[in-house]
Each structure stands twice: as C-alpha cells, then as structure tokens.
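Student: The residues making up each chain are set out below.
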Amino acid sequence: MGLIAERIIFAPSSHSALCSMFAGIVQIFTDFGRWILLMRQAFQRPEKWSMYWKETVRQMYDIGIGSLIIVALISIFMGAVAAIQFAYQLSGQLIPIWYIGYIVRDLAILESAPTITCLVLAGKVGSNMAAELGGMRQKEHIDAMEIMGVNTASYLIMPKLVAAVVVIPLLVYVSAFVAMIGGFLASVPTGVMTASEYTRGLLAFYEPYNVFIMSVKSVVFAFILTAVSTYQGYFVKIGSIELGKASTQAVVVSNILILLADYIIALVMTG
Amino acid sequence: MAFGQTEVLKGISARFERGKTNLIIGQSGAGKTVFLKVLVGLLQPIEGQVLYDGKDVTHLTHKELRTVRMAVGMLFQGSALFDFMTVEENIRFPLDMFTNWTRKEKLDRVNYCLERVNLENVNDKFPSEVSGGMQKRVGIARAIVLKPKFLFCDEPNSGLDPKTSMLIDDLILSITRENDITTVINTHDMNSVMEIGENIILLHNGEIAWQGSAHEVLGSKNDYLQEFIFASPFLQRLRKAALDQGLSDQI
Numbered sequence: 000m001g002l003i004a005e006r007i008i009f010a011p012s013s014h015s016a017l018c019s020m021f022a023g024i025v026q027i028f029t030d031f032g033r034w035i036l037l038m039r040q041a042f043q044r045p046e047k048w049s050m051y052w053k054e055t056v057r058q059m060y061d062i063g064i065g066s067l068i069i070v071a072l073i074s075i076f077m078g079a080v081a082a083i084q085f086a087y088q089l090s091g092q093l094i095p096i097w098y099i100g101y102i103v104r105d106l107a108i109l110e111s112a113p114t115i116t117c118l119v120l121a122g123k124v125g126s127n128m129a130a131e132l133g134g135m136r137q138k139e140h141i142d143a144m145e146i147m148g149v150n151t152a153s154y155l156i157m158p159k160l161v162a163a164v165v166v167i168p169l170l171v172y173v174s175a176f177v178a179m180i181g182g183f184l185a186s187v188p189t190g191v192m193t194a195s196e197y198t199r200g201l202l203a204f205y206e207p208y209n210v211f212i213m214s215v216k217s218v219v220f221a222f223i224l225t226a227v228s229t230y231q232g233y234f235v236k237i238g239s240i241e242l243g244k245a246s247t248q249a250v251v252v253s254n255i256l257i258l259l260a261d262y263i264i265a266l267v268m269t270g
Numbered sequence: 000m001a002f003g004q005t006e007v008l009k010g011i012s013a014r015f016e017r018g019k020t021n022l023i024i025g026q027s028g029a030g031k032t033v034f035l036k037v038l039v040g041l042l043q044p045i046e047g048q049v050l051y052d053g054k055d056v057t058h059l060t061h062k063e064l065r066t067v068r069m070a071v072g073m074l075f076q077g078s079a080l081f082d083f084m085t086v087e088e089n090i091r092f093p094l095d096m097f098t099n100w101t102r103k104e105k106l107d108r109v110n111y112c113l114e115r116v117n118l119e120n121v122n123d124k125f126p127s128e129v130s131g132g133m134q135k136r137v138g139i140a141r142a143i144v145l146k147p148k149f150l151f152c153d154e155p156n157s158g159l160d161p162k163t164s165m166l167i168d169d170l171i172l173s174i175t176r177e178n179d180i181t182t183v184i185n186t187h188d189m190n191s192v193m194e195i196g197e198n199i200i201l202l203h204n205g206e207i208a209w210q211g212s213a214h215e216v217l218g219s220k221n222d223y224l225q226e227f228i229f230a231s232p233f234l235q236r237l238r239k240a241a242l243d244q245g246l247s248d249q250i
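Residue numbers (numbering that gives the first Met the number 0), protein chains in the order written: chain H, 0 to 270; chain E, 0 to 250.
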C-alpha cells in the first residue's frame, strides 16, 4: 500500500513537470539577479587598500602555489596522451610524423591548457572557495564582519577574483608548457620520433594569436569559476548538507559555464 | 518582521537605556535572535523603525549602515572568531581595517582589551587552542576594541558552566558601566536575568509579554513570566518559600 501511495503522490503529471520547469527558470533568473547585486557590492571601494592587498596576496599564494603540482601533473599526462594517440592515428598515413609536435602544441594552447586546467581548478579552487565562504557564513564570521562595518562582499570576494584572474592565466601558461614537455617525454625517449622532429613540429606554423586566445579563455574561465563559487558559498544556508550542496553546485555550474564560454570564445575568435 | 507567511515579531516597541544592561529573554523560538538581528541591521523589518540615538537605521544604504556599525560591537553565540587568525589578529582586525594607528598603538589597544577581559599570554594562540569561556572573552575583547557606544550580546552564556557564565556576566556589566554604553543581551540564562537584568524584556510568540527589572521579577503577577523564570519545581518551591517568609527583597 505504501508503495502504491508513494507512486500516486510522486507520479509526475505534465502539469507538475511544467510547474517545476517554470520554477527552475525562475530560480535561474533569481540567482542571476542576486549574483549581479553581489558583484556590484563586491566591486565597491575598499575600506582599506592595504587589507585588501594582503588578502589578495594570500589568495594568490593559495590558488597559485597550491594548484601548481596538480596542474603540472595533469598537463604532463595531457601532452603525453595527445602525442601517443596522434602517433597511433597518424601511423601509416602520408602526414609527416613531426606534425605530432605541432598538434600537441596547438591542442595545448587552444584547448587543453585553458579548458581542462580551469575545469580541474573549478573542482579544486572553486569548491574550496565555496566551502570556505559557506563555513564563514555558517559560523557567523560574515555576520561578525558585517557588524564591524566591513563590506563583506567586497572584502571576501574581490581579492579572490583579482587573485584568480591574475594567477590562473599564469597556471594555464605553465600547463601549456608542461603539456609540450609531456608530449616530448612520451614520444622521443620511446622512439616514436627524434627530438629534432618533435622540435620542428613545435616550431612549425606558430601563430601568436592562438596564445592570445588562450589568454582570453583563461581570464574568462578564471572569472567564471571564482564568481560562481563565491556566490554559492556566500549565500549558503545553515547545515552541513547545504555546505556540501553549495560546494557541488559551485563545481557543476562553473563547469557548465566554462564549457559554454569555451564554445562562445571559439566561435567569436576563430569563426 | 516575518519569514514568508510566518510573522516572527509583532508590534514590538522597546527602548534600551545607556549605561544599563538590557536583557531580551524568552523561550527558544520566541524571536530573540531575530529581534537582535533586526536591531543590528542584519535583518530588515517589514515595517517600523530601529533608532540609534534618534537616527533610523532601517532604510540606510550599505555605506550609511557601515558608518553606524562602527559604533556597534557584538558578541556572537558561538563567538564567531576567525579561526584562521590568532587571538591577537582577531582583536586587531577592526583596528587594521578602520584605523591608521601604528603597529604599537594597535598592539597596546589589543593588550589593554585582553587585560580588560582577564586574559594573558594568549596573543599567539588560535581560537581552537583556547577554551569556550576564553573564546567568549576574546569575543568581548574584539567587540570593545573600537570603543563602541552599543554592545550586543547573543546568548553570551550558552555552552558555559555556571561559574564561567557569572564571570562573563560580571565582565559585560562592568564594561557597560565603565564605558557608559548601551548593552543589549539576548539570553535565556536565569542567573543572568537575576544578576545583571537592569531592563528586561520578555518575548513570547514574537510579542513583549513583560518588561521590568530583575528586582520586579519576584513580585510580578505575570503568569507567563513566573512560568518562564521559575520553570523548574525547585525554583518554584524556592520562590514560594521566599514569598511566604517575606524574603523576596533579599533574594
């Protein structure tokens, strides 16, 4: 009987599906509106520049040094796998083997370094930001700062945004460089090609504009992952489940928006 | 003040006097914390005014509200000390943010506030390394570091043993009198009510059920007040014995 009753209660009708879809759309617009207001508040004149600078440096250290090893590790494997797989795909073809260096380089610069790195950072840095701010909200740290007269949106969010927009592009450059080294390590010592062939590929058809695209992507993605994560953390509700939810939401929403932005940037800058 | 359809505070009008300890008491869910949050501007009332020295703060912009808050200190229920900062950094934070004092001036003020709350040699400790009672005292030190005109305390005795509770009460009372500040304490600790309650407001279902001083509690005929203050059978017997023997004044 219990099961039947549950089925009756929870069976989705077309009406309730429409209602929940409508509620979902309303929620998206509500979140967007609150996010705009939060960002407006976050970009107000600081109470004291030196305090904000100190916090920005702390965030730069946390984001930059704290993520360097994971970024390097991922990038070296990205480059290595790209080199090995393209070598497999190009074997027996008329395309010269040194093209692998060229493919690894452009793949790293145009896609894997900015996008994959930022997707990984959304998981590492973004969830950390959401959890940190959410914890501060739940432990009344944010209220305590508000009572002191601190513009909490500005003090807690602006340094993170500035730090991310400065440091994440640097991590992306490192990622691209390490990916190329990864490609070298996977193809030269294993005898897939010689060092001079790989280097010839790396130097062939070089287009500085691609590095510009990578820079734009990394700045945009850094802003997205920080702005989304801080928003999720800042407005967290009471309870450990809510904190977990905010952290997960931060990663999921950041990833979706990064991929969407990736498509738009590719369309606009290379289309 | 309402959350959705639920009205939390209804038609409350109260005046908190300078140099006195003003207590807001009531059962859990009576609306004490909401009332306190409305007073400090963390929540906006649907209607009505909150006046600080005659100035309404309910419709101020963020910037204007921040100016008012410079004169406000608050002790939170869980102390709300920043756990990534040491005790000294916690107390110094408002000074770092809002003053241009030298490092020595700040340190002197921090040490004075720590001495004032009877704490020594804890400057370099993190909040997690000191006891709950010490955290409350650090919270008080941080709340008074900018010499506020208004001090708000949310459940200052929650989670503390009776002896430490009395210590915190004494501290709040003496700081209030010394600095002639307006102190508002949100509590359901009956020791605090009877020891430091100079102006008590009893909330029930979001409304003021009784208002008076600790001296007036015993003699009051308000049923809800008596039911609330003397909730335990032991205290009921004690009150009855005191009234029967005419000892209410001494108590």
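No wet-lab data here; the hints were simulated from the structure. Treat the hints with care, as some may be off.
As the list claims (entries may be wrong) - Just the calculated beta-carbon pair ranges, DEER-fashion:
no. : chain 1 : residue 1 : chain 2 : residue 2 : range
1   : H       : Lys47     : E       : Phe125    : 22 to 28 angstroms
2   : H       : Tyr208    : E       : His61     : 41 to 47 angstroms
3   : H       : Ser239    : E       : Gly18     : 38 to 44 angstroms
4   : H       : Leu259    : E       : Ser27     : 30 to 36 angstroms
5   : H       : Val56     : E       : Ser173    : 37 to 43 angstroms
6   : E       : Leu106    : H       : Ile263    : 49 to 55 angstroms
Cβ coordinates follow ideal geometry from the N, Cα and C atoms, glycine included.
Student: Now, for every hint given, state plainly whether the structure supports it.
Tutor: A quick look at each hint next to the structure:
In this structure the supplied range 22 to 28 angstroms holds for Lys47 of chain H paired with Phe125 of chain E, their Cβ-Cβ distance being about 24 angstroms. Between Tyr208 of chain H and His61 of chain E, the C-beta spacing of about 43 angstroms keeps the proposed range 41 to 47 angstroms intact. Here the CB-CB span from Ser239 of chain H to Gly18 of chain E is close to 42 angstroms, well matched to the stated 38 to 44 angstroms. Taken as a hint, the range 30 to 36 angstroms is violated for the pair Leu259 of chain H and Ser27 of chain E, whose Cβ atoms sit roughly 46 angstroms apart.
At about 41 angstroms, the CB distance of Val56 of chain H to Ser173 of chain E agrees with the hint of 37 to 43 angstroms. A hinted range of 49 to 55 angstroms holds for the C-beta pair Leu106 of chain E and Ile263 of chain H, which are about 52 angstroms apart.
In summary, the structure is inconsistent with hint 4 from the numbered list given earlier, while agreeing with all the others.
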